[in-house]
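Could you build all of it, start to finish, from the sequences and the hints given here?
Sequence order for the protein chains is A and B. Be aware that the first sequence starts at 1, since it is given in the UniProt record's numbering, and climbs by one per residue. Be aware that the second sequence starts at 1, since it is given in the UniProt record's numbering, and climbs by one per residue.
It is worth saying that the hints were derived from the structure and are not from the lab. Take these hints with a grain of salt, some might be off.
Stated by the list, open to error - Calculated lysine-lysine pairs in the DSSO-like style (CA-CA distance at most 30 Å, straight line):
#, chain 1, residue 1, chain 2, residue 2
1, B, K224, A, K299
2, A, K343, B, K282
3, A, K223, B, K137
4, A, K74, A, K89
5, A, K343, B, K19
6, B, K19, A, K375
7, A, K365, B, K19
8, A, K343, B, K304
As the list claims (entries may be wrong) - Covered stretches of chain B, going by a simulated chain A footprint (3 or more residues, C-beta under 8 Å):
#, region
9, 128 to 139
10, 192 to 205
From the three backbone atoms N, C-alpha and C, an ideal C-beta is built for every residue, glycine too.
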Amino acid sequence: MAMAPPRKGENYELRQQLNSEYRDKRADAIKRVIANHTIGKDCSGLFPDVVKNMQTDDLEQKKLVYLYLMNYAKTQPELVILAVNTFVKDTADPNPLVRALAIRTMSILRAEKILDYLASPLSRCLKDDNPYVRKTAALCVAKVFDLKPELCVEYGFVETLRDLIGDGNPMVVANAVAALADIYEASLNLPDTPPTSPGRSSPPPSSKPNPELFIIDPPTLTKLLVALNECSEWGRIAILNTLARYKALDEKESEHICERVMPQFQHVNAAVVLGAVKVIMIHMKAVTREDLIKSLTRKMAPPLVTLISSPPEVQWVALRNINLLLQKRPDILANEMRVFFCKYNDPPYVKVEKLDIMVRLASEKNVDTLLGELKEYASEVDVDFVRKAVRAVGQVAIKIDEAAERCVGVLMELIETRVSYVVQEAVIVIKDIFRKYPHSYEGIIPTLCANLEELDEPEAKASLIWIIGEYAEKIENADELLGTFLESFKEESYPVQLQTLTAIVKLFLKKPDESQTIVQKVLQAATKDCDSADVRDRAYIYWRLLSSDPAAAKSVVLAVRPPISLPQTTVAPAILEELLAEVSSLASVYHKPAATFIGKGRLGAEEMQRRALEPEEENAREKALQTVVAGQQAENLLDFDADDEPQPSSAGGSQSLSMLGNGGISSSTISNVAKSTNPLDELMDLFSTASMTTPAAQPVAPKSTVSGIQGLQDDRQDTNTTHDAFAGLTGLGSPPQGLGNGNGVTSPAQSQGQAQQRGGAQDDLLGLF
Amino acid sequence: MDSVADLSGNLTVAILDVKGKSLIQRSYRDDVPPSYIERFLPLVLEMEEENVQVTPCFSDEGINYMHIRHNNLYLLALSKRNSNAAEVIFFLHRLCSVLTEYFKELEEESIRDNFVIIYELLDEMMDFGFPQTTESKILQEYITQESHKLEVQARPPMAVTNAVSWRSEGIRYRKNEVFLDVVESINLLVNASGNVIRSEILGAVKMKCYLTGMPELRLGLNDKVMFEATGRGARGKSFEMEDVKFHQCVRLSRFENDRTISFIPPDGEFELMSYRLSTPVKPLVYVEASVENHRGSRVEYMVKVRGQFKRKSTANNVEIFVPVPDDADSPKFRTSVGSVVYAPEKSAFVWKIKQLGGGRDYMMRAHFGLPSVRNDEIDKRAPISVNFEIPYFTVSGIQVRYLKIVEKSGYQMPWVRYIARNGDDYVLRTISDAKSSSIIAPL
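Printed below as a string of structure tokens:
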């Protein structure tokens with residue numbers, strides 16, 4: 001029993017008008033219905049009354065009724081049938097606009113009943129005389145496939161679509177290509193139907209179209225390449241996407257594709273340019289002719305540079321992609337650093353991206369100009385940008401040995417400004433420079449120490465403390481300076497506490513006579529008054545080391561660290577390849593594989609993990625090999641672990657995993673270890689300034705789960721938030737354990753259990769102490 | 001069925017007001033619940049609060065938000081799949097310019113007043129998430145402000161599906177005319193010591209075409225690459241384009257082969273091509289300022305401008321923006337030429353000179369009061385920026401050699417105008433502190 005509609009209110013009034021005998025009134029009422037819909041009011045109650053107005057000669061009114069149907073068909077599935085007759089009639093209207101409109105709307109209504117009536121009008125429209133109708137119908141096939149794939153298979157729509165690639169009208173070709181690509185993608189996700197004799201005897205309704213339909217053969221390729229030059233800009237994008245998917249038969253064909261696609265660099269549409277870049281990056285892999293590769297990369301540069309004059313949002317998309325391209329081919333824009341100089345009015349997101357690219361392009365040749373620019377940025381008002389500019393100075397110092405001194409000079413100038421956040425950032429950066437060039441710039445230490453009071457951020461404090469500890473023997477009043485931090489020990493954040501602890505122990509090892517009391521105090525404070533298990537653990541280790549074997553303590557705590565370097569890439573090589581094959585897509589903009597951000601729930605996560613593991617297993621193997629080589633060097637350091645670990649001086653990666661297992665860590669942790677053996681992580685740990693700020697979703701690694709890492713990380717506690725999403729995905733949830741195997745716990749977090757046996761890595765690991 | 005729905009992505013386009021409320025929206029695939037659109041601005045605010053950079057694309061709970069800003073509006077696209085970000089963002093810009101051409105101003109009010117036509121446009125410009133026709137001239141042929149009755153005008157949208165999608169057939173003019181404008185915008189950055197550290201020329205060849213039928217045109221430039229290829233290097237000056245972009249009407253493959261610019265033009269006004277050169281350019285209009293800042297009482301400026309181009313040329317409508325502290329007050333100006341106004345909304349004063357002759361230089365002085373209590377903020381060090389136009393002049397040396405209409409012979413040279421002007425980033429950091437022995441004489 002249907003509820004009687006209320007007899008008053010706006011809807012009642014509208015209903016009256018929709019049924020009015022005057023055409024104007026009805027037209028007006030429809031507009032009002034749509035206006036109400038636009039502002040979010042529910043108009044589903046008027047369905048039958050609106051549908052009555054479908055049959056009209058007024059095209060605008062027809063469009064509005066169709067629009068209404070699109071929005072409300074789902075809510076009134078049983079009433080949609082009322083519209084079918086008019087729809088079918090309209091698909092045969094003499095006006096091509098009406099035919100196209102009808103077929104377009106009909107195919108998008110999510111109503112089973114309509115779909116049954118759609119088949120014959122659609123096959124008619126696909127062969128329509130008018131290209132406008134054909135191009136519209138071509139997309140309709142993709143829409144129908146989305147709703148009811150078996151219908152497309154049954155009526156052979158996909159085959160028709162394929163025929164349309166040869167259509168005389170480029171718009172039709174473009175839409176046919178786009179629709180085919182869409183269907184292809186969707187069909188990958190369809191469950192396989194039980195195998196039937198392919199195509200011949202009509203099988204039980206299969207929803208999966210014959211995969212052969214999507215194979216691009218050489219004749220099709222020729223058609224596509226021809227259409228590419230004639231299409232509208234958007235059609236070109238669709239064609240370029242398909243070309244990117246095409247597997248060339250041989251090198252010759254790859255060359256051919258590259259040459260034919262290259263002119264698209266001259267297109268105004270940024271998406272066409274990036275699409276062309278994508279196709280060329282993909283097919284260039286098969287090209288071996290040096291001169292062609294050279295000419296391709298040479299021609300790629302100017303259009304990329306021109307993208308930097310686009311509106312900021314387009315610029316940003318371009319910059320993110322350029323950043324990726326440079327990771328693969330740093331030479332493309334080697335001479336173009338200046339175009340990435342930040343404009344005063346650039347939005348912050350553009351500036352940050354440009355900064356990153358500038359550092360990538362920095363070389364001995366252009367470093368002076370760059371430093372001048374960075375200094376200029378450091379005086380701007382946007383704090384975040386200023387910090388990044390300062391950080392960039394440090395990155396340049398680490399990247400280019402010859403320029404390090406000039407960079408230090410710039411940093412000293414910046415410290416003189418006495419702007420608090422500039423000073424703090426500069427201190428952080430200088431710590432990295434000390435790590436890269438130990439004992440080179442000790443002269444600046446007094447200036448740094450003079451700014452002690454200015455520092456209020458944990459990271460800056462921790463950095464300065466690290467520097468003091470490291471050069472304790474050269475700083476006369478090191479004990480005094482560290483003493484001030486010890487006084488406020490309890491109030492400090494954990495990273496600062498850890499650094500204070502380590503620095504004082506270093507001081508003690510270097511100048512044992514003067515610092516006996518202070519080391520006692522810090523060990524007391526750290527073991528008694530501290531809430532952090534990490535701090536306590538580390539203090540206990542030191543304590544035991546110092547009391548049992550001072551010589552060992554020295555070799556552990558004062559070990560030489562391996563130099564740090566600027567990573568070439570911010571994503572793992574395999575992922576970089578994957579992303580480069582998707583240039584201009586969201587994945588390439590986020591610098592994350594699609595599976596990480598498109599919501600497929602658990603399935604997606606598993607898929608992602610699987611992919612993440614594949615390439616990195618290889619890395620693990622490689623690492624294991626290195627481990628064997630590096631084994632001997634590490635021997636003396638292994639003494640340190642003697643009481644709770646076997647001596648795997650020639651152990652491979654797998655062995656060390658099981659070793660960790662003995663340490664009482666769940667198997668899931670182990671898989672994490674395996675996963676994070678990615679060399680990238682290592683670099684990130686060492687040098688977090690180089691890490692990217694991921695643009696969108698924050699990586700999932702919560703700080704609390706990485707407490708283990710903190711202990712070992714040189715000095716930055718926030719590094720892990722910038723970890724690759726993979727490493728961050730599953731927390732490294734090993735709880736801090738007792739003193740006995742404290743080291744065992746922290747090492748997996750440091751991302752290489754194996755690395756312990758590797759000379760260099762071990763130094764790194766222990767050198768923090 | 002369900003699984004298909006889950007996996008298929010969707011694309012929704014919406015225009016939001018400054019408060020994040022949707023003014024109009026159109027979903028091209030499936031329904032994204034409106035709540036996702038409404039969620040956009042809160043997400044942005046949240047990011048801002050947490051000091052996370054808000055970027056044009058970001059993802060949240062499996063939904064990708066791609067947006068651009070226009071005045072007080074957000075143009076937003078939502079998708080669930082790994083969409084082509086460049087395409088979507090570029091499309092939004094295109095949508096923005098189409099709507100601007102339709103309504104002059106794209107703003108809240110014009111959207112509310114024209115929702116019917118916007119729906120129609122959204123319908124024609126994109127289908128199932130794939131952009132279709134985005135040329136506003138073509139759209140205007142069959143989507144007009146006046147509603148049209150079918151019996152009166154059964155209009156097949158011919159241009160949409162012509163092989164030439166940008167021009168309709170059957171255009172007639174009594175007087176066939178073509179106008180060409182060559183506009184070069186100069187972007188440069190001068191550092192504090194007066195050296196140019198970055199410069200580029202962004203050139204554009206704009207056409208106004210009033211021609212009958214489907215004319216086939218060929219444009220000849222003094223293109224260096226072509227001159228060299230055809231061995232004509234010796235004669236006349238040539239110029240080298242570093243990167244060229246063409247309107248979609250130009251046959252790109254033809255250009256790639258033999259550098260011929262051949263095309264069937266759209267009707268009316270359009271930009272045929274744009275090019276970029278990063279050759280060093282000296283600042284055509286050079287400005288420097290020295291500042292004497294007496295904190296807590298006053299600040300004084302002396303600004304010098306010089307036209308660094310040929311004597312016979314003139315720069316028109318020169319506007320020099322010199323930044324001043326936000327809290328400067330009671331301006332006093334003195335100048336030998338032009339006029340000066342204070343533009344507190346830009347934290348700058350503007351020196352306007354109608355005509356600046358080549359080789360000439362002028363000076364002006366400005367005096368501002370400063371509040372005695374100052375917040376301790378560091379000064380923003382915005383650069384000086386300059387607007388100007390120099391007619392009959394190009395920096396690159398580009399020349400239009402001919403414009404041929406291929407079928408019809410004997411067509412005369414088109415009207416060609418050349419103009420050099422500032423780009424949107426013509427800035428000089430040449431503001432120096434005057435030394436204590438003041439070079440600036442008191443007003």
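For this session: Kindly indicate which numbered hints from before are broken by the structure, ordering the numbers from low to high.
Result: 6 and 7
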